[in-house]
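Chains as they are written, first to last, in my numbering: chain A, 1 to 155; chain B, 1 to 155; chain C, 1 to 155; chain D, 1 to 155; chain E, 1 to 155.
Since the hints were derived computationally from the structure, they do not count as laboratory data. What you are looking at is a predicted structure, and each value in this text was computed from that prediction instead of being measured. Some hints here could point you the wrong way.
What the hints assert, rightly or not - With the C-beta cut set under 10 Å, the calculated list includes, among others, these residues of chain D facing chain E:
hint, residue
1, A7
2, D8
3, K18
4, E22
5, P45
6, E53
7, N84
8, L153
Said to hold, decoys possible - Which residues of chain A face chain B? A few of them, derived with a C-beta cut under 8 Å, are:
hint, residue
9, I2
10, T10
11, V14
12, D43
13, K50
14, G81
15, I87
16, S103
17, E106
18, L109
19, I112
C-beta: ideal position from N, C-alpha, C; glycine also.
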Amino acid sequence: MIKFGVADTTFSRVDMGKIAIETIRKLSPNSTIVRYTVPGIKDLPVAAAKLFEMGCDGVITLGWVGKTKLDKYSYLAASTGLINVQIYYKKHIMDVTIHEDESENEESLLNIATDRARKHAENLVKLVIEGGEALTPYAGKGLRQGYNHAGPLRE
Amino acid sequence: MIKFGVADTTFSRVDMGKIAIETIRKLSPNSTIVRYTVPGIKDLPVAAAKLFEMGCDGVITLGWVGKTKLDKYSYLAASTGLINVQIYYKKHIMDVTIHEDESENEESLLNIATDRARKHAENLVKLVIEGGEALTPYAGKGLRQGYNHAGPLRE
Amino acid sequence: MIKFGVADTTFSRVDMGKIAIETIRKLSPNSTIVRYTVPGIKDLPVAAAKLFEMGCDGVITLGWVGKTKLDKYSYLAASTGLINVQIYYKKHIMDVTIHEDESENEESLLNIATDRARKHAENLVKLVIEGGEALTPYAGKGLRQGYNHAGPLRE
Amino acid sequence: MIKFGVADTTFSRVDMGKIAIETIRKLSPNSTIVRYTVPGIKDLPVAAAKLFEMGCDGVITLGWVGKTKLDKYSYLAASTGLINVQIYYKKHIMDVTIHEDESENEESLLNIATDRARKHAENLVKLVIEGGEALTPYAGKGLRQGYNHAGPLRE
Amino acid sequence: MIKFGVADTTFSRVDMGKIAIETIRKLSPNSTIVRYTVPGIKDLPVAAAKLFEMGCDGVITLGWVGKTKLDKYSYLAASTGLINVQIYYKKHIMDVTIHEDESENEESLLNIATDRARKHAENLVKLVIEGGEALTPYAGKGLRQGYNHAGPLRE
Numbered sequence: 001m002i003k004f005g006v007a008d009t010t011f012s013r014v015d016m017g018k019i020a021i022e023t024i025r026k027l028s029p030n031s032t033i034v035r036y037t038v039p040g041i042k043d044l045p046v047a048a049a050k051l052f053e054m055g056c057d058g059v060i061t062l063g064w065v066g067k068t069k070l071d072k073y074s075y076l077a078a079s080t081g082l083i084n085v086q087i088y089y090k091k092h093i094m095d096v097t098i099h100e101d102e103s104e105n106e107e108s109l110l111n112i113a114t115d116r117a118r119k120h121a122e123n124l125v126k127l128v129i130e131g132g133e134a135l136t137p138y139a140g141k142g143l144r145q146g147y148n149h150a151g152p153l154r155e
Numbered sequence: 001m002i003k004f005g006v007a008d009t010t011f012s013r014v015d016m017g018k019i020a021i022e023t024i025r026k027l028s029p030n031s032t033i034v035r036y037t038v039p040g041i042k043d044l045p046v047a048a049a050k051l052f053e054m055g056c057d058g059v060i061t062l063g064w065v066g067k068t069k070l071d072k073y074s075y076l077a078a079s080t081g082l083i084n085v086q087i088y089y090k091k092h093i094m095d096v097t098i099h100e101d102e103s104e105n106e107e108s109l110l111n112i113a114t115d116r117a118r119k120h121a122e123n124l125v126k127l128v129i130e131g132g133e134a135l136t137p138y139a140g141k142g143l144r145q146g147y148n149h150a151g152p153l154r155e
Numbered sequence: 001m002i003k004f005g006v007a008d009t010t011f012s013r014v015d016m017g018k019i020a021i022e023t024i025r026k027l028s029p030n031s032t033i034v035r036y037t038v039p040g041i042k043d044l045p046v047a048a049a050k051l052f053e054m055g056c057d058g059v060i061t062l063g064w065v066g067k068t069k070l071d072k073y074s075y076l077a078a079s080t081g082l083i084n085v086q087i088y089y090k091k092h093i094m095d096v097t098i099h100e101d102e103s104e105n106e107e108s109l110l111n112i113a114t115d116r117a118r119k120h121a122e123n124l125v126k127l128v129i130e131g132g133e134a135l136t137p138y139a140g141k142g143l144r145q146g147y148n149h150a151g152p153l154r155e
Numbered sequence: 001m002i003k004f005g006v007a008d009t010t011f012s013r014v015d016m017g018k019i020a021i022e023t024i025r026k027l028s029p030n031s032t033i034v035r036y037t038v039p040g041i042k043d044l045p046v047a048a049a050k051l052f053e054m055g056c057d058g059v060i061t062l063g064w065v066g067k068t069k070l071d072k073y074s075y076l077a078a079s080t081g082l083i084n085v086q087i088y089y090k091k092h093i094m095d096v097t098i099h100e101d102e103s104e105n106e107e108s109l110l111n112i113a114t115d116r117a118r119k120h121a122e123n124l125v126k127l128v129i130e131g132g133e134a135l136t137p138y139a140g141k142g143l144r145q146g147y148n149h150a151g152p153l154r155e
Numbered sequence: 001m002i003k004f005g006v007a008d009t010t011f012s013r014v015d016m017g018k019i020a021i022e023t024i025r026k027l028s029p030n031s032t033i034v035r036y037t038v039p040g041i042k043d044l045p046v047a048a049a050k051l052f053e054m055g056c057d058g059v060i061t062l063g064w065v066g067k068t069k070l071d072k073y074s075y076l077a078a079s080t081g082l083i084n085v086q087i088y089y090k091k092h093i094m095d096v097t098i099h100e101d102e103s104e105n106e107e108s109l110l111n112i113a114t115d116r117a118r119k120h121a122e123n124l125v126k127l128v129i130e131g132g133e134a135l136t137p138y139a140g141k142g143l144r145q146g147y148n149h150a151g152p153l154r155e
């Protein structure tokens, strides 16, 4: 049986963990889902590692990043850590991150978060269940999460 | 018996280690606490590693960062190191950091440090004792340490 | 038999994976090629690790990076991860990256992507099949991928 | 018998290795000291690793960093490396770094370098010989190396 | 018998590999030299790892970095990787890097590259053959590669 991990934060202003869980359940109703909530993005790498130790086949992390330069350094440290965890376990982590400065508008920020969490939960399920060619039909198609797709450059 | 590690610095201008210890003792009176003091933030990753080697189940680090660009690079290096230590031991480090430029006002800086150290000590105790769902009721709630909670975006 | 891995993204606006595969097939018709498609650049390090686990002798990754400061931090995290994977497996990853701000012009961006993917696929085949002296005749020659060669400084 | 490692550079404009050695000898006259000199800061992590391989119980590195943006990136890479070495060996490296732009005045720069090297050599001896509570009486006291102590915030 | 590794790039506009080889041969005529050429600086860490796997006792890498912000991020990723490789093998890599913006003048850039490659090849030979005290007479002397020596601060 497939097991998915969902790691989210109390810092986030949107309950993206819930969105990710609903999406996974819909696409893969027989899988098990384990949730792990931490204070902020710098806690996500160890949360993901713990989820893999519990037997998860893939993990989605849902981070929220503030507006300051320091928040961005924290983002860099967390991203590097999440990549290291993936390399160590040789399993995917879909790293969903919302930056508070992506929009001045709260409703728009909520839409970005919802769309990005949902689309990356879908990506995770596809990669874990179908493998590395599941997304190949979309390679180079300019897909975006949180925004409209950019589309491919015209050839 | 549960063992907590508290790593702090002589560079800090607030004795946050003391605050963290008091908070842990109140929430978990039967646990053991080991304290380790180092000069500055770049010494915290190895201090945390040493605390885990002594059998700690979770660690809180209490760092203080100056105002210059260089201090911020040191912050980035230290953060990356603390994340690496967590991945290695698969245990939590609550990484409390105060940046001297968070406020021009000394009293306000003291309040930020006190609040952040206390709240993250609480987070550590919850995660270590109750596990990864202890904070799930607060997921997406926009919690802040050192400041008032931002709260969730209205849906 | 030699096996090459091609890791690309759905974020990219050019199907560089296809270009890389065509180039490898032409230069090394008897080799096997495995393709792995992920959402974005931060997923490429684990994709490369998975390709090496499947027995690939060398990998080419084809990343596309947006224009913002945050995209550049993601680039830094991904690059660091790709270097770590190479060190771990002691095998080459040709890390092809297109930055959306390399040109304001879509046709020019398409040309950069096509040229860079093709040239680095050639580099990969040479390094994997002929070894570390295959490119020595071109050492110090100011070769460029995606642009015209800069050439050596006149001595 | 305790063994200390001292790693310094030929890039430095002050012989801080000598200052560190004199300080260690005075505080711990029976210990052994091994010196290792490298060209610049990016060579210090492997120098420290070699000193630990020779049996050192603690290491002090003495780096000198130029004024440009690039020098600062080298500082970041070196700092990250020194932290990794500490985590690997679970032993302290006191990372003394002088930035050439800390002062326009050569005499002042010399004083900063002398003070910082001496104070961190003292920190190293205390941590190695007395352990993690040796500096606890100074936790939160706003100690500085190279400058006057900032002192604690008034509570 | 001592074996040196020389890793250089086709991106470079000066054949620094040749300069490094000539310098090593002159100082250590009985040693073996293995050359490994890669496209750019981000390929140097794995090239160095491969050279150590072939039995090299020390490696010199010769990188060339463009002028843009992105080139500098690549420099940071490559530097971090080269430090990691050194820590892993506990052997020296002399990391020679030329930044295209060090001079507007091509002849001057050529002189910088030639001087730096030669001096660091000398450093490598000394460190590998004579060990960690070979450069100690020059500690704190303000030596520079690519430029005139800065010299020590007057005490």
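So, going through the hints one by one against the coordinates:
no.	hint	verdict
1	A7	holds, 8 Å
2	D8	holds, 5 Å
3	K18	holds, 7 Å
4	E22	violated, 13 Å
5	P45	holds, 5 Å
6	E53	holds, 6 Å
7	N84	holds, 6 Å
8	L153	violated, 34 Å
9	I2	violated, 19 Å
10	T10	holds, 4 Å
11	V14	holds, 5 Å
12	D43	holds, 7 Å
13	K50	holds, 6 Å
14	G81	holds, 4 Å
15	I87	violated, 10 Å
16	S103	violated, 11 Å
17	E106	holds, 5 Å
18	L109	holds, 6 Å
19	I112	violated, 11 Å
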